[in-house]
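Start from the sequences and build out the full structure, keeping to the hints where you can.
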Amino acid sequence: MRFTDLAQVVSENLLAHRLRAALTIIGITIGIAAVIAVVAIGQGGQAVIISQLESQGSSRYFEVTVDVMRGEAPTSDTFRLQDATLIKELSPAVERMAPLSYASMIDVRRPHSGGKPLLSQLYGTTPDLIYALNMKVEKGRFLSNIDVDAHARVAVLDAELAKELFPDTDPLGKQIFIQDVAATVIGVMQKPPSSILSMMNQTVYLPITFAQEILNSRVIFQLCGVAVSKEALPQAIEDSLKIIRKRHPASGVHYVGNSMEQQLSVVSKVTSVMTLIIGAIAGIALLVGGVGVMNIMLVAVTERTREIGLLMALGARRKDILQQFLFEAVALCLIGGALGVIIGAGGAVAVALLAHWPPLISFWTILLAFGFSACVGLFFGLYPASRAAALSPAEALRQL
Amino acid sequence: MIRVVDLKKTYGSGAAAVTALAGVTLEIKTGEFVAVMGPSGSGKSTFLSLLGCLERPSGGAYYLDGRDVGSFDEEELAELRNRKFGFVFQSFNLLPRYDILRNVELPMIYAGLPRRERRERAAKLLEMVGLQHRLKHKPPELSGGEQQRVAIARALANDPQVVFADEPTGNLDTRSSHEIMGIFKEMHRSGRTIVLVTHEPDIARYAGRILYFRDGSLIREEAVEDEVH
Chain A
1 MRFTDLAQVV SENLLAHRLR AALTIIGITI GIAAVIAVVA IGQGGQAVII
51 SQLESQGSSR YFEVTVDVMR GEAPTSDTFR LQDATLIKEL SPAVERMAPL
101 SYASMIDVRR PHSGGKPLLS QLYGTTPDLI YALNMKVEKG RFLSNIDVDA
151 HARVAVLDAE LAKELFPDTD PLGKQIFIQD VAATVIGVMQ KPPSSILSMM
201 NQTVYLPITF AQEILNSRVI FQLCGVAVSK EALPQAIEDS LKIIRKRHPA
251 SGVHYVGNSM EQQLSVVSKV TSVMTLIIGA IAGIALLVGG VGVMNIMLVA
301 VTERTREIGL LMALGARRKD ILQQFLFEAV ALCLIGGALG VIIGAGGAVA
351 VALLAHWPPL ISFWTILLAF GFSACVGLFF GLYPASRAAA LSPAEALRQL
Chain B
1 MIRVVDLKKT YGSGAAAVTA LAGVTLEIKT GEFVAVMGPS GSGKSTFLSL
51 LGCLERPSGG AYYLDGRDVG SFDEEELAEL RNRKFGFVFQ SFNLLPRYDI
101 LRNVELPMIY AGLPRRERRE RAAKLLEMVG LQHRLKHKPP ELSGGEQQRV
151 AIARALANDP QVVFADEPTG NLDTRSSHEI MGIFKEMHRS GRTIVLVTHE
201 PDIARYAGRI LYFRDGSLIR EEAVEDEVH
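Protein chains in written order, with this note's numbering: chain A, 1 to 400; chain B, 1 to 229.
Nothing false has been slipped in among the hints.
Where chain A lies over chain B, by a calculated footprint (3+ residues, C-beta under 8 Å): (1) 76 to 85; (2) 93 to 99; (3) 106 to 114.
Hints are computed from structural coordinates only; laboratory data are not their basis. No experiment lies behind these values; they were computed from the predicted model shown. Glycine included, each C-beta is placed from N, C-alpha and C at the ideal position.
This is the structure:
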């Protein structure tokens, strides 16, 4: 039998049972589309999370905290204001170091506004934070060392908070009340390029000395540092920890140091596992579709046993019959696969556009999905086809 | 020439075994027209499907032109059915979704003939059985007699040596039956061997020799004196 004849016979047979073929194709399409969309969305999301985390801080960023995994929390003795300055002076691996005190649900409002207070986050820190978190100043200036030393009552707003407080005026030089303490706005930060971490927005930055007065607390949450180079990160962390431990021998907490690199690898590990799990679930959908193909092929063979007997009587070899049914199954799977790739990729692109993600559809995913659907066709087509071809023509002709 | 020696066929096994053919020995010469008669269950159809290699015998030997068919593998049997044999069935066995031209083409597809050659030959065969004006019709649109003529054209597609017919007139009225038998007669005249199973005596009289089967055995054979021409 010639290949063109085989192709013609297969297409004629599929067209003769349009509805059945269409239903089978839908099964495969859904499976493939699910796999491709899930993997693409997962990879896109992962890329976005990582790139946003990267933009969130310098790649040389590291931080020193207490071991929150053990349920530890910093007290007023855990870190001292001088620790940051000292580490920077003592360790050649550390380029910048900023202490950070933090509070949320802070009442920030304009004088005489009378309206609802804006509940914001408060960061008390030193000038070095801007380098650690890769922040940029939009207007005015960031905090200075003089501000910190003088306990200056000044504040820097992030873009979100500035817009909320001063929708139509320039905030620079204006007075605001933070927990009923007056402060002057000296700067506005640029909107960060990332959107996924936007919950970190609506923040007011104060000199740490001023923040401690407002909060009436000396607790410093962590130290945010920048190493002189990526290679110096481990050294920077080690030096920082050594100095901190030496300065706080009586402290009951465990100090830990984390680099951005470590955080990124954890995040990418987590998202990879998530993608794998959801992909596996989508794979089950694909398997169900494959069983559907086998079902259809079994029905087709049983229903057409007499026809198979006739074709063998007319001189069709077992190989011809086998080929024919196998090709029917593979054709169903490949058509379903192609549709699935289109729909899955379309879905992934749509989600990517909505979420402002880069659409990440890898060639390998498509190849895998396509290869898998062809295999499903081969595998689930083989059994019914070989059953059909094993009959003798007389047996097959006697059926029904 | 067809020669069978003690040809047997048993279905099932053990206590449930049914003997369809109990051991038949006979010869059919090349170019002969033979009718096989007998009551239902006499084994005549089984005999035909063994001769046509539609199934394998349980015992005995089958020689076609001196070659032992029992030693053929599936591939060789398929080729035999394709090139040397033609089949005509009582229920026509046409594929209803194809037009009759394509139905006649089928054996040539499996013979690997190119498309143009196939279509030409199929059209010529259909013209020979008087259906040249119906090429694009599908089988259900034709009468029983016309469908059987399509089946005959299909049987002749690869110019076979032997045509096996299992009650070809069983589903036809008297007039169509004799028209069909006229075509068989013509095939015979052109030198083909014909083995025809029937239970109608006046149809059997188209053949030159009649074999009578009963309970799986050949019980009698007779030469037809006043053969229908």
